[in-house]
Amino acid sequence: MALLEIDELKTQFFTSAGTVLAVDGISYTVEEGETVAVVGESGCGKSVSALSILRLVADPPGRIVGGRIGFMGRNLLELSDREIREVRGRHIGIIFQEPMTSLNPVLSIGTQLTETVVHHLGYSEQKAASRALELMEMVGISDPPRRLEQYPHHLSGGMRQRVMIAMALACEPKLIIADEPTTALDVTIQAQILELMKNLTRELGVAMIIITHNLGVVARYADRVNVMYAGKIIETGTAEDVYHRPRHPYTLALLNSVPRVDQQRSAKLDPVEGQPPDLTRLDGSCSFRPRCRFAQEECAQAFPELAYVGDGHRAACFRSQEIAAGLEQVA
Amino acid sequence: MNDIATSHRGTVSDDVLISVDGLKMHFPVTEGVVLRRVVAHVKAVDGINFEIRRGETLGLVGESGCGKTTTGRCILQLERPTAGSILFEGRELSGLKGDELRAIRRRIQVIFQDPYSSLNPRLKIGEIIGEPIRVHGLIPDKAKRDQRVRELLAVCGLNPAFADRYPHEMSGGQRQRVGIARALGLEPDFIVCDEAVSALDVSIQAQVINLLEDLRDEFDLTYLFISHDLSVVRHICHRVAVMYLGKMVELAETDELFDNPKHPYTRALLEAVPIPDPVIEQARAHQIIKGEIPSPINPPSGCVFHPRCDIVVEGCPKAVPAFREVKPGHWVACTEV
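Going down the list, the protein sequences come from chains L and P.
According to the working numbering, numbering within the first sequence proceeds without interruption in unit steps and concludes at 331.
According to the working numbering, numbering within the second sequence proceeds without interruption in unit steps and concludes at 337.
Hints are computed from structural coordinates only; laboratory data are not their basis.
Since this is a predicted model, take the numbers as computed values, not measurements.
Backbone N, C-alpha and C define an ideal beta-carbon position, used for all residues, glycine too.
Mixed in with the good hints there might be a few duds.
Stated by the list, open to error - For the chain P half of the interface with chain L, some residues (derived, Cβ under 10 Å), not all of them:
no., residue
1, Leu78
2, Phe88
3, His136
4, Gly137
5, His168
6, Glu169
7, Gly172
8, Leu200
9, Ser203
10, Val208
11, Asn210
12, Asp229
13, Lys262
14, Leu269
15, His286
16, Glu336
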């Protein structure tokens, strides 16, 4: 059985402008020790889907209105508030995007690191302190005894993100959710943090869900990639499937619209025209249709199912076979 | 003319538009409330030289705190440089005042990074674009000015009816187009694009990059393209300068810099950029640069990069390496290349 099973998860926001279908029935699984990426652009629902796993969506205006999240034999959506608090930080760790705002500015690094192990594992203060030292060394922070006394504002962005990783790993969770973990960091620091996350998750056998808008970031680290658009997963497969054999026009367009640092410029960029749809006004047809150059009449009738296009590779497009054929012609 | 003309990035002349020489911008750090005293200086920009030719897009890349934005602000005369000269068409900018400064400012425009905070939320889009045109007295007549605003919106790929909307009614990509239309309205020669596409999603980013390129060709614009995104810089720029801790470490034509980087920092930076291709990514060596960027208040001695450098030698902490031309047009500040 998979470690995490998300089935038809639906999260909506009830606003004065209407109901926002932020996450509109997504399903995926995460195996033990596996790294799964969720990629997509602003407002596609990738962060909300991850926050929904830990029930961290603010209510109101947000509410998880349907679905099931199976984790260690339980449905997380049916747990009491007290029970879900025992899952957060203990069995599922989380790393947020902004290392500046996600640490408490008035507590020392040591206090923030020991808090979780004291609360969840019942460690004595002494035992927690030695665990904190161990964690600081694990995430590569030099001079841990001094750093533990310091406050978040003493640390650089990269170092704060290392502290976030240490906190997420403190109770030896089964799963870590990383929401844009490197977006706020410089590129050389990003490379350091990604390498650290990969090494630690492999060493400790922790599964990871990594949420990102950067297609490059996950190419190296993800076992599976889920591409989201307008609240739905529109393509899923191994990183190689998704990057080398895209079968949904949106994935294809995303890959074509980013310039690459390793290639000489050959022509102008080929952007996806138009804007993503308003998530309060989805009509049950394919939400990418207005921007899609493969759109046909059928696409206005219904949202295509996420159908198999290869072994473990699925795409939600009526014309994915033709896209496959077309790509082979070009190649 | 060299091979730039054939590289799909438009044409560049040999005519120098902007010339920056020995530019330094040191910000004082003060202590005390009543008896304020200067205790240190942040050496945001510490002695850089470069030229920008007419029609050229020069990329300025580097990580946070390297001084790339400050360099742009000095050219825009939003900062008074500590030392050095900035010539625009051979005229020194730093001494200009009053009408002379205003006349130059019309010709040097800027597009900012954040399309949310760089548009006044209380003004309609038409007023945002029309105000600088009125201030500079280009089109005094209101009706004609409104007509011009609608033209500018259309040029930037927006519906002219957006003139009556407010910024909050628009998406990030649309707002960035408004910022571009505002800059274009003054018919500038030179635009500083400070992380102009960094806040946009990739599909929208590609649209705005194409717009910037089209406008460059149509209106013979020259850009200083400041960005931390090396992939975008490779795509849009003719030449690229790399900065680190207030110094310029390398400058070359775009493909030369990316295919044949010389400075250890440039190489580390390129190595760190993730490539959206799992097969290539798995095969890459991934030599990850160690350490973090030191404080610009108290930068390392000699070569500022030496504490993080993988080819450091004895002399590096002792002397500041000269910025020298190792090949025609390829400049590097490193003694070991």
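Cross-check of the supplied hints:
At a threshold of 10 Å, the smallest CB-CB gap from Leu78 of chain P to chain L is about 24 Å, leaving the interface hint violated. Taking 10 Å as the C-beta cut-off, the interface hint given for Phe88 of chain P is violated, the closest approach to chain L being about 28 Å. With a cut of 10 Å, the hint placing His136 of chain P at the interface with chain L is violated, because the nearest CB-to-CB distance is about 32 Å. Annotation: Gly137 of chain P was flagged as interfacial toward chain L, and the flag is violated, the nearest CB pair being 36 Å apart, outside 10 Å.
Look at His168 of chain P: its Cβ only gets to about 12 Å from chain L, farther than 10 Å, so that hint breaks. Taken as an interface hint, Glu169 of chain P does not check out: its beta carbon lies about 12 Å from the nearest beta carbon of chain L, beyond 10 Å. Interface restraint check for Gly172 of chain P: the shortest CB-CB distance to chain L comes to about 8 Å, inside 10 Å, so the restraint holds. Contact between Leu200 of chain P and chain L, as hinted, is supported at the beta carbon level, the nearest pair being about 9 Å apart and thus within 10 Å.
At its closest, the beta carbon of Ser203 of chain P sits 4 Å from a beta carbon of chain L; the interface hint therefore holds under the 10 Å criterion. The closest approach between the C-beta of Val208 of chain P and any C-beta of chain L is roughly 9 Å, which is under the 10 Å cut-off, so the hint is satisfied. Because the beta carbon of Asn210 of chain P sits about 6 Å from the nearest beta carbon in chain L, less than 10 Å, this interface hint is met. The restraint placing Asp229 of chain P at the interface with chain L holds, with a minimum CB-CB distance near 9 Å, inside the 10 Å limit.
Violation of the interface hint for Lys262 of chain P is found here, the shortest Cβ-Cβ separation to chain L being roughly 17 Å, above the 10 Å cut-off. Interface restraint check for Leu269 of chain P: the shortest CB-CB distance to chain L comes to about 6 Å, inside 10 Å, so the restraint holds. Given hint, His286 of chain P at the interface with chain L, holds; its Cβ is 7 Å from that chain's nearest Cβ, closer than 10 Å. Against a cut-off of 10 Å between C-beta atoms, the interface hint on Glu336 of chain P is violated, since the closest Cβ of chain L lies about 20 Å away.
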